[in-house]
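Enquirer: Okay, here's what each chain looks like letter by letter:
Number of protein chains: 2
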Amino acid sequence: MAKIKFSSEDHIYMQVAEGIEKMISDDVLRLGDKLPSVRVLSDEYGISMGTAFQAYYHLEGKGLIESRPKSGYYVRFNQRRFPALPKTVGAFPIASDVSIKDMIATVYKDITAVDVINFAIGVPAVELLPAAKINKSVLHALRHSKDHCIGYEHFQGNIELRKQIARLAFNWGGNITPDEVVITTGCMEALVICLRAITKPGDMVVVEKPAYFGIYQAMESLGLKAVEISCDPETGPDLDNLEKILQQFPVKACLLVPNFSNPIGSCMPDENKRRLVEIITKYNTPLIEDDIYGELYFGKNRPRTCKYYDKKGLVMHCSSFSKSLAPGYRVGWIIPGKFLDTVKQIKMMHTLSSPTLTQAAMAHFLSIGRYEYHLKNLRKALHTQCLKYMQGIMQYFPTDTKMSRPQGGFVLWVELNPTLNAYKLCTEALKHHISIAPGQIFSASSHYSNYVRISYGKPWNEDVEYGLMMLGRLIKKMG
Amino acid sequence: MAKIKFSSEDHIYMQVAEGIEKMISDDVLRLGDKLPSVRVLSDEYGISMGTAFQAYYHLEGKGLIESRPKSGYYVRFNQRRFPALPKTVGAFPIASDVSIKDMIATVYKDITAVDVINFAIGVPAVELLPAAKINKSVLHALRHSKDHCIGYEHFQGNIELRKQIARLAFNWGGNITPDEVVITTGCMEALVICLRAITKPGDMVVVEKPAYFGIYQAMESLGLKAVEISCDPETGPDLDNLEKILQQFPVKACLLVPNFSNPIGSCMPDENKRRLVEIITKYNTPLIEDDIYGELYFGKNRPRTCKYYDKKGLVMHCSSFSKSLAPGYRVGWIIPGKFLDTVKQIKMMHTLSSPTLTQAAMAHFLSIGRYEYHLKNLRKALHTQCLKYMQGIMQYFPTDTKMSRPQGGFVLWVELNPTLNAYKLCTEALKHHISIAPGQIFSASSHYSNYVRISYGKPWNEDVEYGLMMLGRLIKKMG
Chain Z
363 MAKIKFSSED HIYMQVAEGI EKMISDDVLR LGDKLPSVRV LSDEYGISMG
413 TAFQAYYHLE GKGLIESRPK SGYYVRFNQR RFPALPKTVG AFPIASDVSI
463 KDMIATVYKD ITAVDVINFA IGVPAVELLP AAKINKSVLH ALRHSKDHCI
513 GYEHFQGNIE LRKQIARLAF NWGGNITPDE VVITTGCMEA LVICLRAITK
563 PGDMVVVEKP AYFGIYQAME SLGLKAVEIS CDPETGPDLD NLEKILQQFP
613 VKACLLVPNF SNPIGSCMPD ENKRRLVEII TKYNTPLIED DIYGELYFGK
663 NRPRTCKYYD KKGLVMHCSS FSKSLAPGYR VGWIIPGKFL DTVKQIKMMH
713 TLSSPTLTQA AMAHFLSIGR YEYHLKNLRK ALHTQCLKYM QGIMQYFPTD
763 TKMSRPQGGF VLWVELNPTL NAYKLCTEAL KHHISIAPGQ IFSASSHYSN
813 YVRISYGKPW NEDVEYGLMM LGRLIKKMG
Chain Y
363 MAKIKFSSED HIYMQVAEGI EKMISDDVLR LGDKLPSVRV LSDEYGISMG
413 TAFQAYYHLE GKGLIESRPK SGYYVRFNQR RFPALPKTVG AFPIASDVSI
463 KDMIATVYKD ITAVDVINFA IGVPAVELLP AAKINKSVLH ALRHSKDHCI
513 GYEHFQGNIE LRKQIARLAF NWGGNITPDE VVITTGCMEA LVICLRAITK
563 PGDMVVVEKP AYFGIYQAME SLGLKAVEIS CDPETGPDLD NLEKILQQFP
613 VKACLLVPNF SNPIGSCMPD ENKRRLVEII TKYNTPLIED DIYGELYFGK
663 NRPRTCKYYD KKGLVMHCSS FSKSLAPGYR VGWIIPGKFL DTVKQIKMMH
713 TLSSPTLTQA AMAHFLSIGR YEYHLKNLRK ALHTQCLKYM QGIMQYFPTD
763 TKMSRPQGGF VLWVELNPTL NAYKLCTEAL KHHISIAPGQ IFSASSHYSN
813 YVRISYGKPW NEDVEYGLMM LGRLIKKMG
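Line order of the protein sequences matches chains Z and Y. So the mapping is simple: the working numbering equals the position in the first sequence, first residue as 1, plus 362. So the mapping is simple: the working numbering equals the position in the second sequence, first residue as 1, plus 362.
Chain Z extracted, bound-state conformation (with noise of 0.2 Å):
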């Protein structure tokens, strides 16, 4: 094996696997080459045996290698060697009796059902998140506030909160004061206060095809009609078909999720970020940047943000803790840009303020540094447990699947077999009590009627892996 030079920034048995990762994916190290044992692995990179197994262990962990009992360590997959991308625009619909929102209602009846196996609910694994240290942190704020968070918040959100969301933009290069942020209800919240800001019923907005099927929801409600564009499934919306529509229709704001798009997986590169508000600036259209993903990236570094390219205030940038943190706590929040004032008022007469005690919980908790910490521990095991599912879904689904293949976030996207109704399968399963969100529901018109989306935010085990199991086999039997 070559030798490679360690850096000082991450542990040392991280940089040996990384590396033999690597090796795996170029083709060096192939499916069912026997691996050095972890003596020799030690004596050629000059690193203790510990060193050495901890890094075979971390590539157990992602399923890349295996260990034969009294043989030692083997290739066991490659993920370049993962199925083709799902296609950008799904076949023509199945026609369908049933309703989007009755499809919605039928898939999220009841979130909170405890013996269903839900591969639809888009969120972390409770087991994932720190509840003790959270818990910690409610009781400092209820000690140490000064009406025990028993009193009205400020309608513009916590002061601490404020602050922390502040620094948190640095992580994406951003530059922004505590005034500039507005806290919300969770994100959702905060998309429909940026809709309501900068739109009136009648107007047209640009959205991702396939998007979240709340963004469609929202938006009906409000009376707006979505404008949909292509994207791709690795770099996202086509600014060409973007700057055509823009053009073309009088839009009066573009709703987008650049990092980690919900439910196909796509990161914009920053270049196309760049691009993006160039455009946006040309037109002077607005952009709602719903970042609520980008803490979840797999890989070196966080994935920056168009605000961070924003100069004249046009980006409204939307996030919270509910992917990452805490989901029933529902703290999100706003960086509006010059659309600060209207923000804070449409929030003021929405829901006053949102609620003292949460806030107060989650500025504690950045305060003290453990989101970062919890982070790092986070996207390490989404990441194992995104290659988990992936390796599942090839074995146990029929050979014709395509599949995204995500750097970030925690879903995956996959294409059946053109024939297959998604909403069929999906009551299928919930006969067997496992849950999946249908391709149908993520865009205006029914599409992606062949197209299932799958939460990888529990961590893998055996249910998992019978869940998974038992759809291969309806999906094969309906096929």
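Since the hints were made in silico from the structure, they are not lab data. Values in this document were obtained by computation on a predicted structure and should not be read as measured data. Heads up, some of the hints might be wrong.
Remember, identical chains collapse to one label, so a pair may be satisfied in a single copy or spanning two.
[What the hints assert, rightly or not] In silico lysine-lysine, DSSO-like type, Cα no more than 30 Å apart, as pairs:
(1) 471 - 525
(2) 463 - 525
(3) 700 - 587
(4) 764 - 562
(5) 508 - 471
(6) 562 - 495
(7) 793 - 764
(8) 396 - 384
(9) 793 - 508
(10) 700 - 471
Following the hints, complete the assembly by docking chain Y onto the known chain Z.
Expert: Chain Y in isolation, oriented as in the chain Z frame:
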């Protein structure tokens, strides 16, 4: 003094105190009259000296009698002798360069500021709320929920809390199941969701005049037109007026506060509620009933709600704990009648679900019976504060001041000399660190420019007295 027959329902000292209070208000006992000594009172009523003392102590707390050292107790105040009630509709508006939005922004710039004597904010003071006991319920929720309240709650709301809300409805004769309740992030979200469920931009909605400015703002932001109906300062909406409006205009909804309307404090007699429901049923116009002050009555019994008389599911009943238990928890609810499904859908689109922890804490607090106990104390405290503030205003404000006589809630509606501009008074008062709500913000058209709303949520103390004295001085200077 006349003998009275004690019932077993109330404390004996309260029954004695009420008897004396009635004699004062009936002018049997007049201002300055000396009251019997504690010993004589105890002999006359056949009660202990302690109970007799408690009765006087209670009346002294309400400001109705006073003890003079080494002399005994004297009648100090007769609440029948209050100034006249404010007029139903204010004088013509004084032209103003300041928009209502800007006025609201100025008054409520920082509702969390601690160095201001705040008569503008409509909540009970934190010292009247059971903070320590609520904290215990938070701890209970953290310890006993399946996932430490970190995961999403069901979008319709915590089931235990919905059970408690259904139980609470017994107080006004309601027969509600938990399935009929939808939890919201405070009452403001409840009202906004109801409006969105049954109206479209451009629709007409009947509201009271004057009404809480948040209602006007919410309607404006939803593109709705307010049709204002006149209200009696004691009995609320003029129902003949309402029926004429429903005959003439295509009104899509009524949004009313039948119990202790904000700011005028009127309470619709139950008979009027019955007729109101008959009228809206006849015209098939849904009624959004904001009952947020319903539990804060000063009389013997809780006033009924319109929902009680509703047979067709046309009444959407809204309330919250923000005015009675924990403003900062932002826990409200809707009992939406036949619009249940629509309301559930909009709630899901709006904020997905409300925070898990605050709901679970409220559910526990109610389940152990603490809410009823707390309400009893709160009602007594608010009634006492109401009388004290009224006396203070009579003492310090000019003699031409008129004032509402609320039978519940915690705001006084005060009419000043017609030449006075309440918003100017308000900005002057802010310079002295006193905040009040100017009348202009309680109508769509800057009427009520010589009115102010004064909240008596804060217990009477030297600061409060200084604040009212200072206000009186400013009014006299400006007059």
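Enquirer: Hints first: check each against the structure and report whether it holds.
Expert: Okay, the hints, checked on the actual structure:
1. 471 - 525: Only across copies: residue 471 and residue 525 sit 19 Å apart there, 37 Å inside one copy, limit 30 Å.
2. 463 - 525: between (39 Å within a copy, 27 Å between copies)
3. 700 - 587: Classified as both; 24 Å inside a copy, 28 Å across copies.
4. 764 - 562: neither (39 Å within a copy, 43 Å between copies)
5. 508 - 471: Between. Shortest inter-copy distance 19 Å satisfies the 30 Å Cα cut-off; intra-copy 40 Å does not.
6. 562 - 495: neither (43 Å within a copy, 45 Å between copies)
7. 793 - 764: within (25 Å within a copy, 67 Å between copies)
8. 396 - 384: Answer is within: at 16 Å inside a copy they meet the 30 Å cutoff, but 97 Å across does not.
9. 793 - 508: between (51 Å within a copy, 25 Å between copies)
10. 700 - 471: between (39 Å within a copy, 19 Å between copies)
Checked against the numbered hints given earlier, this structure breaks hints 4, 6; the rest are met.
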